[in-house]
Amino acid sequence: MKHATRTLQRGLVWLAFLGIAAFVLLPLLWGLRTSFAPDLDNKVIPSFLTLKNYSELLSRPEILLYSRNSLVISLCTIIVVLPVGLIGAYALARFQFVGKNLGFVFMIIPLLPAIAVLVPLVAYMNRLHLYNSLVAVILVNSVFNLPFATWMLRNFILANPISIEEAALIDGCSRVRMLFTIAIPMMTPGIVAVVVYTFINSWNALIYSFALTPSPTLRVMPQGILAFMGSWGTQWGGITAVGMLALLPPLLLFLIFQRTFVAGLFGYQLK
Amino acid sequence: MSLKKALCVLAGLLLVSGFVFASGGSESSSGPKVLHVAHFYDPMNASMKVNSDWFNGIAAQFEKANPGVKVQWDVYQWDQIDVKSMSDFRSGIKAHDVFLSSPQLSAQHAQVGDLADLAPTIASQWSKDELAQFSWSAAWKGGIVGNKQYGIALGNHTRVLVYNKDLFKAAGLDPERPPQTLDELVDYAKKLTTGDVYGLGMYFGPSRATIELYYSPFLWGAGTDTWDPVTKKAIFANATGVKAANFFKDLVNTWKVTPVADEAGTYDDAILNAFVNGKVAMAWGYGSYWIPALEQHGMVKGAFPPTADATEINAGVALLPGCPTFVNSWDVSIYSLSQNKELAWKFINLMLQPENLRGYGDAGLPIRASEWNGPGMQTPFYKLWKQSIATGHPMPSTAHYGELADTVAAALQSILVSNQDPQATLQKAQDDWNAKYAGN
Amino acid sequence: MPSTRGIEKAPAGTFETIVGKRSLPYIFLGPALALILFLLVAPVVQGVFMSFLATRGNGAVDWVGLDNYRILFRESRFASNLRSSLFYLAGNLVLSAPLAYAAAALITGKHRQAEYFRGIFLLPWITAPIVSTLLFRALVDPQIGPLGILISRLSGRQVLILGHPVWALVFVTVHSFWRSFPFVMLFLSAGMSMIPREVYESAMVDGAGRWKRFTRLTLPLTSNQLAIALLQITVWTLYDAETIYAFTNGGPGYATETLAVRLFKSAFINFDLNTSAVIGIILISLSIVFMAVYMRLVGSGGGDAQ
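Sequence lines, in order, name chains A, B and C. Heads up: the first sequence runs through residues 0 to 270, numbered per numbering that gives the first Met the number 0. Heads up: the second sequence runs through residues 0 to 439, numbered per numbering that gives the first Met the number 0. Heads up: the third sequence runs through residues 0 to 305, numbered per numbering that gives the first Met the number 0.
Don't take each hint at face value.
What the hints assert, rightly or not - Computed cross-link-like contacts, BS3-like style, restricted to lysine-lysine with a CA-CA straight-line distance of at most 25 angstroms:
no.: 1; chain 1: A; residue 1: K51; chain 2: B; residue 2: K48
no.: 2; chain 1: B; residue 1: K189; chain 2: B; residue 2: K127
no.: 3; chain 1: B; residue 1: K63; chain 2: B; residue 2: K345
no.: 4; chain 1: B; residue 1: K164; chain 2: B; residue 2: K69
no.: 5; chain 1: A; residue 1: K99; chain 2: C; residue 2: K211
no.: 6; chain 1: B; residue 1: K48; chain 2: B; residue 2: K69
Unchecked claim - Sample of chain B residues facing chain C (criterion: CB under 8 angstroms; computed from the structure):
no.: 7; residue: V82
no.: 8; residue: G91
no.: 9; residue: A94
no.: 10; residue: I234
no.: 11; residue: Q377
no.: 12; residue: Q412
no.: 13; residue: N433
no.: 14; residue: A434
no.: 15; residue: K435
By construction, these hints were calculated from the structure, which means they are not laboratory data. Just so it is clear, the structure is predicted and the values come from calculations on it, not from any experiment. All residues carry an ideal CB built from backbone N, CA and C; glycine is no exception.
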């Protein structure tokens with residue numbers, strides 16, 4: 000009798016998992032289907048599959064260009080956010096100092112709406128002679144990713160015992176050296192989590208490039224997607240094809256680092 | 000110890016190379032002179048590529064004729080290019096020269112000051128004949144505010160009433176006699192509405208097209224407008240405006256000659272697709288950019304590309320009964336902070352050369368009067384399109400045109416979809432707009 | 000909060016002795032604060048300033064004090080914007096929180112199955128917002144989308160979900176929920192997995208029912224994760240202009256025009272800088288209110304993970 004209820008329970012659990020997966024996947028599966036279907040074909044299973052959308056897309060040099068730009072922005076944002084967020088998080092987690100609460104308040108400021116500050120930001124960037132360069136996008140993107148990155152790292156540091164660090168300090172190690180040789184290696188899952196999170200956010204970001212880089216050689220992938228919505232209508236085959244392609248790098252990154260990412264998000268160490 | 004050092008060095012190298020790589024995207028300040036031309040044709044989209052190729056062709060000619068000058072493109076979304084010009088101007092950015100612009104926003108460009116006044120240059124450098132080539136079109140007026148000119152029209156986009164001649168015959172109507180007045184229009188529509196087919200396709204969706212192509216023509220036909228240039232106030236809630244709103248309501252709900260779906264969705268679906276697929280017998284606001292579709296669907300023959308034997312097989316065209324139509328264009332302008340105004344003017348003139356302008360597909364029907372003298376444009380079909388351009392009307396010259404169109408469109412949506420009272424809704428919308436923008 | 004005050008002397012000749020131990024935390028926080036001050040505070044201040052200005056017909060700019068705010072508050076459109084923003088936010092929260100808790104309860108502890116599904120569950124978050132928006136928009140299109148076609152068949156006529164003032168907003172909210180729900184679920188699941196089973200078991204022994212176990216144990220012990228997740232959702236929905244604009248442009252009429260969409264349109268479509276500055280300030284004020292609420296929920300400083 001107990002065995003039956005347990006299998007029933009397990010069955011329900013599987014059903015629930017599949018249900019959630021279906022809810023999550025349905026729109027994306029439809030996108031996949033449309034990217035392989037001829038335009039204006041609206042049967043559930045398309046009358047025939049075609050690679051036309053993809054071949055047209057991949058024959059464009061722009062797609063490599065836009066991907067390169069997105070990649071550069073994402074990587075450079077990580078290069079800025081990671082060190083800055085790391086030492087900031089360490090300070091907020093391990094030190095006691097005057098103005099600590101003010102530090103928290105400052106961390107919250109970038110949680111304010113990006114669109115509200117985008118217009119004055121353009122003038123600002125122009126004065127710095129950074130308008131229409133990827134540097135501007137990288138800097139702004141970094142600032143808006145900083146709070147979450149710092150927060151995640153701080154939580155991660157707090158979840159790990161201070162005893163090892165204190166032991167090193169008692170042994171005569173300088174704090175900075177201890178940071179690099181002991182604390183940071185212990186933070187690897189947290190670091191991976193920040194890298195993955197920042198990469199995904201940066202890869203998908205549209206609004207900063209939209210405001211700061213008009214040059215067509217600096218456009219990013221999401222803008223490429225918008226290119227398919229002309230003033231005379233929308234091409235669904237093209238849009239879904241670009242969308243699916245744009246999905247690949249973050250997806251790949253996530254799948255490779257999945258376990259570390261989750262561990263980092265919640266303060267576990269990888270066993 | 001060495002690991003830490005190595006990591007630091009690596010991180011430093013990555014950082015430096017990242018920034019070097021990144022700033023490689025911005026222009027170098029030395030070297031050849033750069034002319035910045037802004038348009039909205041992202042070459043990644045196949046259908047846009049045709050137009051961006053045209054621009055590339057012009058650039059090639061220009062660079063050949065002006066050694067030492069490089070043309071650089073700035074690409075924006077078509078509905079955001081004007082604002083880009085304005086906001087970059089406010090930010091003090093100088094690196095723009097030629098801009099495509101929308102004539103509906105001319106008054107706003109005038110107020111912001113981001114586009115240069117071309118009137119003096121045109122007066123001194125164009126002959127009277129050359130000017131006449133352009134000024135016959137209603138689209139030309141769109142770029143003019145007062146006695147200043149901010150844009151030169153590159154083509155003509157106009158709209159007419161199309162009707163299905165076969166369906167006319169089936170309903171016992173004369174296929175060579177389209178409706179001449181609004182009353183006749185309704186009368187015909189009632190006769191043409193049978194089974195699956197609606198008599199009259201209109202578009203009342205939540206977009207500016209509703210105001211530009213449907214609401215404003217009604218007001219123009221009665222001698223009024225949505226905005227009064229003398230008092231500089233919105234007046235769309237006047238008696239004619241309310242009448243128009245009620246007229247639209249009646250089309251859908253009382254006489255049932257227009258499908259309910261026309262209150263939403265897209266302009267393409269409601270007019271283009273509905274007409275060529277035979278779902279509506281007449282379509283108001285059929286655009287000149289859709290002439291190829293008529294040819295593709297066999298409703299006209301020899302009309303695209305225009306030939307001397309263009310015949311209307313079962314699609315007829317007519318002027319909007321009792322109303323002038325909205326005519327617009329894409330304009331080309333010079334950025335007011337441009338450091339290369341003379342070069343920009345040269346570029347524009349190159350674009351406007353008849354041999355060049357002919358190849359610009361997105362421009363629409365020709366702007367140059369001489370282009371209308373060819374045999375392909377003498378057919379009744381094209382004569383009618385030309386007439387619609389000559390008798391057409393641009394949108395009012397308010398600096399807050401965008402908000403005006405959106406406000407009226409939203410009010411119409413409330414009236415049509417949510418069944419709000421037309422008079423009260425329009426009045427409240429008008430008062431709200433005037434509270435903020437009257438006098439502009 | 001762990002303190003390192005016990006260790007006083009730093010070894011000679013290191014970075015620490017050069018700058019002094021007291022200043023170390025400030026140096027560590029320095030770059031972050033510099034970036035934020037440098038790149039954000041100035042524009043926000045400028046935004047506040049611009050909200051008190053108005054542009055006249057001849058291009059001149061005047062100081063009008065609170066006039067812009069007064070005119071805006073009297074607008075029926077503004078009231079609608081506020082309502083839409085709050086509905087969008089509340090709708091997402093109301094849908095996400097309970098369903099995420101239920102789903103989290105499901106996947107917590109079932110490591111093997113959760114592993115397989117986790118990548119799939121986080122797909123909505125990994126997808127670019129513009130892509131998921133366009134996909135949803137196409138899904139519900141009565142010509143080409145399976146959902147749209149289904150609804151049209153069921154109701155016997157062409158139904159345009161995105162053309163209906165109420166259903167458009169509901170649908171846009173569902174999309175936002177689709178995007179954020181897996182993220183919240185993941186967070187809550189992690190929080191819940193840190194609660195030892197003995198805590199639940201002793202509660203059960205004490206006779207606590209499922210609801211009591213939830214409200215007295217699960218909820219308080221996962222409050223930190225919940226706050227972070229809710230804050231993340233608030234940030235995503237309150238400031239989200241990109242997706243709603245791609246859905247409906249704020250239409251039909253102004254039915255789906257949230258404050259963020261209005262801000263986007265004012266700034267980037269209509270170039271009305273003064274109005275956009277006013278709405279920006281209002282949006283920022285709203286966010287501050289929400290942040291204060293969440294800080295309360297968790298206790299100041301964010302609390303410990305344990």
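Now the hints, each set against the structure:
no.: 1; hint: A/K51 x B/K48; result: 17 angstroms, holds
no.: 2; hint: B/K189 x B/K127; result: 49 angstroms, violated
no.: 3; hint: B/K63 x B/K345; result: 13 angstroms, holds
no.: 4; hint: B/K164 x B/K69; result: 53 angstroms, violated
no.: 5; hint: A/K99 x C/K211; result: 37 angstroms, violated
no.: 6; hint: B/K48 x B/K69; result: 20 angstroms, holds
no.: 7; hint: V82; result: 4 angstroms, holds
no.: 8; hint: G91; result: 14 angstroms, violated
no.: 9; hint: A94; result: 19 angstroms, violated
no.: 10; hint: I234; result: 17 angstroms, violated
no.: 11; hint: Q377; result: 39 angstroms, violated
no.: 12; hint: Q412; result: 4 angstroms, holds
no.: 13; hint: N433; result: 11 angstroms, violated
no.: 14; hint: A434; result: 5 angstroms, holds
no.: 15; hint: K435; result: 6 angstroms, holds
In terms of the numbered hints stated before, the structure departs from hints 2, 4, 5, 8, 9, 10, 11 and 13, listed from lowest to highest.
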